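Since each chain comes alone in its own frame, lean on the hints to assemble the complex.
Protein sequences appear in the order of chains A and B. Here the first sequence stands for residues 1 to 730, where the numbers follow our numbering. Here the second sequence stands for residues 1 to 158, where the numbers follow our numbering.
Possibly wrong hints are sitting among the right ones.
[Said to hold, decoys possible] Cross-link-like lysine-lysine pairs, in silico, DSS-like; alpha carbons within 25 Å at most: (1) A:K248 to A:K236; (2) A:K370 to B:K145; (3) A:K384 to B:K41; (4) A:K34 to B:K41; (5) A:K34 to B:K84; (6) B:K152 to B:K86; (7) B:K92 to A:K124; (8) A:K307 to A:K130; (9) A:K370 to A:K359; (10) A:K476 to A:K507; (11) A:K109 to A:K486; (12) A:K236 to A:K155; (13) A:K384 to B:K86; (14) A:K373 to B:K145; (15) A:K69 to B:K145; (16) B:K24 to A:K86; (17) A:K69 to B:K24; (18) A:K373 to A:K384; (19) B:K152 to A:K373; (20) B:K152 to A:K328; (21) A:K2 to A:K124; (22) A:K356 to A:K370; (23) A:K22 to A:K130; (24) A:K83 to A:K109; (25) B:K92 to A:K328; (26) A:K370 to A:K345; (27) A:K324 to B:K152; (28) A:K86 to B:K77.
Hint data in this document are derived by calculation from the structure and do not stem from the laboratory. None of these values were measured; they are calculated from a predicted model.
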Amino acid sequence: MKLLFELPEGYKKHIGSDEQIKYCAPFDIGADGKAVYDGFIAVTERRIIVFEGDGQPTVYPFDKIDGVKYQSFIGCGAFSIIKDGKYIRIASFSMRHTLRFSYIVKGTKVLLRGESEPVTSHEKETTCLKCGSPLRGSSTCTKCDGKNISLRRFKQLCAPYIWRLIFISFVMVLVSACSLYTQSVQQQFIDNTLRNPSPDKMNKVVIFVITMLLLTLSNVAVTIYKNVLCVKLGTKISMDLRSRVFNKIQQLSMTFINQKRPGELMNRVTGDTSYIREFMEHAFGNLFSNLFSMIGAGALMLIINWKLALLSIAFVPVCLIVTKAFNKKMHSIFRSQANKNDNLKSGLNDILNGIKVVKNYGREEEESEKFKKMSKAFADIQYKNETFWAILFPFLTLTMGLGLNFITYFGGLSVLGKTMTAGQLMQFTAYATMLYSPLNWMISLPRMIMRMLISIDRVFDILDEESELDSIGKVKKEINGNIEFKNVTFGYNACDIVLEDINLSVKKGEMIGLVGASGVGKSTMINLLMRLYDVNDGQILIDGVDIREFDSHSLHSQIGVVLQETFLFAGSIMNNIRYAKPDASYEEIVRAAKIANAHDFICRLDDGYDTFIGSNGLTLSGGERQRIAIARAVLANPKILILDEATSSLDSESEYMVQEAIERLTSERTTFAIAHRLSTLRHADRLVVIGRNHHIEEVGTHDELMAKKGTYYGLVTAQKSLFKVRTETE
Amino acid sequence: MNDKNAHFSLNEGGFISLDFNGTKYDRVLIFRAFPFSEANKFLSVRESIGRNAEIGIIKDLDDIAQNEREIILRDLKLRYFLPKIKNIRGVKSEHGHSTFLVTTDYGSMRFIVRSSGDAVTTLSDSRLIFTDIDGNRFEIEDINKLSAVEIKRINLFL
Chain A
1 MKLLFELPEG
11 YKKHIGSDEQ
21 IKYCAPFDIG
31 ADGKAVYDGF
41 IAVTERRIIV
51 FEGDGQPTVY
61 PFDKIDGVKY
71 QSFIGCGAFS
81 IIKDGKYIRI
91 ASFSMRHTLR
101 FSYIVKGTKV
111 LLRGESEPVT
121 SHEKETTCLK
131 CGSPLRGSST
141 CTKCDGKNIS
151 LRRFKQLCAP
161 YIWRLIFISF
171 VMVLVSACSL
181 YTQSVQQQFI
191 DNTLRNPSPD
201 KMNKVVIFVI
211 TMLLLTLSNV
221 AVTIYKNVLC
231 VKLGTKISMD
241 LRSRVFNKIQ
251 QLSMTFINQK
261 RPGELMNRVT
271 GDTSYIREFM
281 EHAFGNLFSN
291 LFSMIGAGAL
301 MLIINWKLAL
311 LSIAFVPVCL
321 IVTKAFNKKM
331 HSIFRSQANK
341 NDNLKSGLND
351 ILNGIKVVKN
361 YGREEEESEK
371 FKKMSKAFAD
381 IQYKNETFWA
391 ILFPFLTLTM
401 GLGLNFITYF
411 GGLSVLGKTM
421 TAGQLMQFTA
431 YATMLYSPLN
441 WMISLPRMIM
451 RMLISIDRVF
461 DILDEESELD
471 SIGKVKKEIN
481 GNIEFKNVTF
491 GYNACDIVLE
501 DINLSVKKGE
511 MIGLVGASGV
521 GKSTMINLLM
531 RLYDVNDGQI
541 LIDGVDIREF
551 DSHSLHSQIG
561 VVLQETFLFA
571 GSIMNNIRYA
581 KPDASYEEIV
591 RAAKIANAHD
601 FICRLDDGYD
611 TFIGSNGLTL
621 SGGERQRIAI
631 ARAVLANPKI
641 LILDEATSSL
651 DSESEYMVQE
661 AIERLTSERT
671 TFAIAHRLST
681 LRHADRLVVI
691 GRNHHIEEVG
701 THDELMAKKG
711 TYYGLVTAQK
721 SLFKVRTETE
Chain B
1 MNDKNAHFSL
11 NEGGFISLDF
21 NGTKYDRVLI
31 FRAFPFSEAN
41 KFLSVRESIG
51 RNAEIGIIKD
61 LDDIAQNERE
71 IILRDLKLRY
81 FLPKIKNIRG
91 VKSEHGHSTF
101 LVTTDYGSMR
111 FIVRSSGDAV
121 TTLSDSRLIF
131 TDIDGNRFEI
141 EDINKLSAVE
151 IKRINLFL
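So that you can see chain B by itself, here it is in the shape it has in the complex (with noise of 0.2 Å):
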């Protein structure tokens, strides 16, 4: 799929349409083949009725128009709810459990994890990702970037 064959736009549900080569679907799915590796590109576009048939894979979402980009891009967040965090504001633990003071690129939030060691999986020497009492998951991309404070604050996870 690319900017030539297929039209995303946003149906007033708030979900996506898309003319694909001249076939209108009204709602469709669209899946990251690689949430985490590749968040962006292999996004597998289904149907959202029956067995969720795929229709398309956008191989990379840079080779959809602009405008139908951030559609898809504002959908996929409502879709995959995994924060990524920038900032870490603060870390307090008490009683086996550390509560978080974050800045993601949702916004602020707080969350709780366990402080033991299931509460983090490391996708690898940088990259991790703390999942809370409730499941929900944070990431953090890169922990080099990170203050040196921020990392005093989470120094008990790593």
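Next comes chain A alone, as it looks inside the complex (with noise of 0.2 Å):
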């Protein structure tokens, strides 16, 4: 995201000449809660200005102000300035600009504390700031210069295959003058012997059919041919292109997968190679047998008649403009139809997701109502689409056909006046045909070829991203189990801080308890330890080596976690457990199960460690399949556990049986548990309070923290005096 932009040059006498433009971006909303459509802030070495109109900007020099703050509203935010403990405004912005001005409010602090560090931001711009046109996730504008960037990701994607491609576009070409020649024959066979029969051209009669028969066969052969060829090529890239995604997607940083929507990745790896692959084989696979025919066919009909040629070719613009007409209309109208379909399924999702609440509340009328309104806008729009569809679509056919009459009429005439034969005229509108019929699909050849490279792109895109975390760590050894975390300071964007200058050393074998209110970042602190994101200062060591030092499969490979929810993968309770050791042993396997208390269970279903689980398996209960997160962290026999709430979700009895399995765990291994109930955290070493303030609080012993009456006394008193509550309601 782009934080350095151009100042107009009608601002720019304001800046000195001893001063440079750290950051300089737009905003568009007006003290006045007007739309501004020439503010811009320029934030220099030294100051702050405010730009708006043709009057002198407002200027903010650093010595004059506390600090700056980044303030996110509705819909929008504000860059204020702190002075004297107060908050003075400079200026809004909407969305567009939020995220702009988070990271350069974040550089803004850093050049007031008289530091140079500039601040840079990895998000991507939603719209091409040359030409306002969306870039729809990928980092360049196929509108402005990206097409060539575009066109550079199609070579370096066909290069593999260019050998292929050139085959296939030489049977392409096969196929069109296989159907070009078959009307030259036909022609030959009217003119020289229909037209002049003799009992004695019986035979030509014979030949001729042999020699259509032989055409149209090896037409066909060489058609399915191509098509397979095409197929088989389209489906080769989009295979090599999606495996190529998925291990980039595998390798790459949380944070680079969190910044995208939920299902967009999903449509990377799928929807994007296979718009690819579809292309391939529509657009790509007819692309010279189309081409070539209408070359050919137009060539061959100045040679036949060239002045009914040039007319007819006259006619192919009106054809082209008729049919792009039509095609946009039936754009539009398919989807709205596509929209309101949506709707409806996501309509109709609901209430079914819902049921019972709608019938517990005895709704199913109004729902009924809701659903019938919803059916009949979609069923309207389809009647309309398709009468429109019914009724246009003779209409195309006809100009179609108003062009072959107007060339039957003179072709007729010039039959009659003896310029040309009977056969020739026959041939002559046959390759007309040939010359309108690929009009609908060139039509639509620029909309598929846009739409592919825009998924190049999007798949490039990822391709091309550099890896954040991969880019250093080789050290791959056996950790022993210390931890330190200096100053660390990480948030997930640069708009809000999670945690702040964290310092915490971990010995060996110690438990840590980490408490807070939700949201203080308990849980970031373990996402950080397992390196899903780097942090943004300071460092975590792991016995005096830097995380990010380390290689990260040997890395996670030591690393045992079990959070609140467990992911099972499809497959059996087997397989699940020695996921992380695929090479584990059947007596490693049960051992595992029977120090996390699964083994019990797991031996009285039906079919024991094979019981399927997962997707369309056996459903096991929070507490089963805790056991199983917790056997399989044993069968990992991690140095470092994390235990992210591997309790909170469960009823009293499990959560006894998950606990008991918990502490034969932890014995020996250092262990960062976090957990609501601060109970279950009764065996920690030390406890670590993370406060509102993104700092640790307190740290201590449960009883050294009860005695400080501090933060931590204040949870415990609260959850007891809840817990008093709810006994007494009881």
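This is the structure in structure tokens:
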């Protein structure tokens, strides 16, 4: 995301020659609540300057202000300065610039501290800054300079398959040559054989029929061969691409993955790659044959009768315009039909999912009414579209037909005037059909190409993404379990810092309980330790080595995790347990399950360890899933163990079972545990309380912290009184 | 809260100050409880510090003195960016995106939405919200007030 815009010429005179603009961006809401089109904020190394209109800009020198603040509101944000503890709003902006300004404010804070390290943003722009057209998640604009980039990417994509592509093109040319030649044979037959009938030419009829049959057969055979080749190549290209994208996604950091909307990555792996395949099959697969047919037909028509040929070619633009208008209309009406269909589907989905609530509150009739309305909206538009199609399509055929009628008329005159033979007229009309029929395809070609280029861009966007995480780390070693957080600061994006200046030293085998209100960054701390994200500032050391220097595979294989919601893959219980150690023996699996208190319930299942779980498999209870997850962690034998709300979604009995299993698991391992129910952390060696100010507030044992009567004491008493209320009401 | 016990004013930083039953707050935040259905009723006035504790509720903005009402409305416009579309001057659809050129209560604006169903939220039969690719929301309060030409322009989304 761009943080340094070019200041408009008229404003530049206000910038001193001795200062340099560090950040600059437009803002779009004025102080009076009206849209602003010429507002700019520039931050130099010594002041903030706000430009709006022709008047003097407002200047805030760094030495006159105490700080800057980015404020996030509903659908907009504000850039404020802090002076004497008070906020002064200097500009407001819509969502178009909120993220940008959150970074600029961050950068300004750095400058205010007298440092010069620039702040940059990895986020992508939503629209092209040059032409304003949407970028659809890719970083190059297909409208501006990006077309060349897209084409280069396309070439890069095709390069390994170039010989196959050339061969297919050759086959395509063969197909059209074949159909062009067929017409010529037909003409010969009519003019030479049929027009001068005599009994001795009977054998010529037979030869003609056989020739035609052979030509048709070879045409069909070559076409089939071409189609098979195209499909094969398309599938191959998209498969190669799919696995490349998938591999890349697995390598990328969570920051990148979280930036994408849910489903978007899925779409890129399946949707975009399959679009590239479709393009290969439908657009590319017909490209050369259609072009060759059209050019060939046109040329042959010119040879037969150039006047008539020019007439028919002149008719092509008319057909093009009509088809194009028709296509555009079709596109828009079917799009709105698809939208209505989506509404209907999601509406239905909503009602079906909530059917219990609907029944509970006796709202069946209202829901029926609502559904009927949606259904009618869809039916109406469907009716409209189908009628439109039914009426307009014949008209379209008529336009095409008119051209042919035209040719037949003038051609007929020529035949009567003896300037053309009947066979030639036949041949001519056949070529005219060949000239007109790909028009519809040709009109949609630009759209297909555009769509394909976008898909290529979206796919290459991932492939070209620099993986932030794998860049260094090569250390592979056995972890001991001493962990140190050193001045760690982190935020998922620049707007809000989640953890600030965290310092914590954990000895091998220690169990640390992370405590704090929800959203203060407990899970974030753990995500950082697992290196799903990289810290913004400071470092995390394991046995004195920065975790960024570890080989990520080696690091992850030594950290075990039990989360609140355990994800089990579709497959047998056995495979799920040995996910982390695929070569584990049966004995090891059973031992791990026993430690995890899972062995007994697994044995009671009909299929034992071979029970199939996951989608369309057996559904396990929360406690059972947790115990499988613990067995998985036991088997992995990690040096560092992470428990994130591992027992919070369980009932008391299964919590007891899981808790017991966890106690066995945590001995001898460095453990980080997060739990809302503070009683679950009673075995922790030390408790770390993270406050709302993103800092560590308190560290100590349960008793120490209770004696201190600080935040932890408050949390414990709050939970106790809640428990009291609960028991009293029961 | 009403014009008797609460007095709102603009502070030097462009934010709202409040004097409520004699207690002075230098900067307060005003939240809409029903930003769509009753934008100017049930406004929750909260502290700008700490956990944003609620100071009071303005049940109806009409209960507040005229000049203070304007101050509040101006502040809300800067805190809730939800332009109301008055005229649709043009819609251009291309490659799955539509670019809108509209006149709103904030002035003339241009925004881009995806041409698929998720760009529009229907609040009622006649009330729509467009969400653009940046996440900005634009409201059409009553589609029946639009001209036939304007309706035609947004037909794809109806």
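*Does K24 of chain B lie within 25 Å of K69 of chain A when you go C-alpha to C-alpha?*
Answer holds: K69 of chain A to K24 of chain B is near 23 Å, not above 25 Å.
*Straight-line Cα separation of K373 of chain A and K145 of chain B no greater than 25 Å?*
22 Å, holds
_For a C-alpha distance cap of 25 Å, please report whether K92 of chain B and K124 of chain A respect it._
Holds, because 24 Å separates the two Cα atoms, which is no more than 25 Å.
*Does K145 of chain B lie within 25 Å of K69 of chain A when you go C-alpha to C-alpha?*
Judged against 25 Å, a Cα distance of about 41 Å means the pair is violated.
*asked:* Check the hint pairing K109 of chain A with K486 of chain A against an upper bound of 25 Å on the C-alpha distance.
replied: 21 Å, holds
*Given the hint that K476 of chain A pairs with K507 of chain A, test it: the Cα-Cα distance must not exceed 25 Å.*
21 Å, holds
*Within a Cα-Cα threshold of 25 Å, do K152 of chain B and K328 of chain A meet the stated pairing?*
Holds, at about 15 Å.
*asked:* Hinted pair, alpha-carbon criterion (25 Å max): K34 of chain A, K84 of chain B. Please report holds or violated.
replied: 12 Å, holds
*Has the given pair, K24 of chain B with K86 of chain A, been kept, meaning a C-alpha gap of at most 25 Å?*
14 Å, holds
_Pair hint outcome, K83 of chain A versus K109 of chain A [Cα-Cα no greater than 25 Å]_ = 14 Å, holds
*Quickly compare the C-alpha distance for K2 of chain A and K124 of chain A to 25 Å and report which way the hint goes.*
9 Å, holds
*With a cut-off of 25 Å on the C-alpha distance, tell me whether K370 of chain A and K145 of chain B pass.*
With Cα atoms ~24 Å apart, K370 of chain A and K145 of chain B stay inside 25 Å; holds.
When held up to the earlier numbered hints, the structure conflicts with 3, 8, 13 and 15 and fits the remainder.
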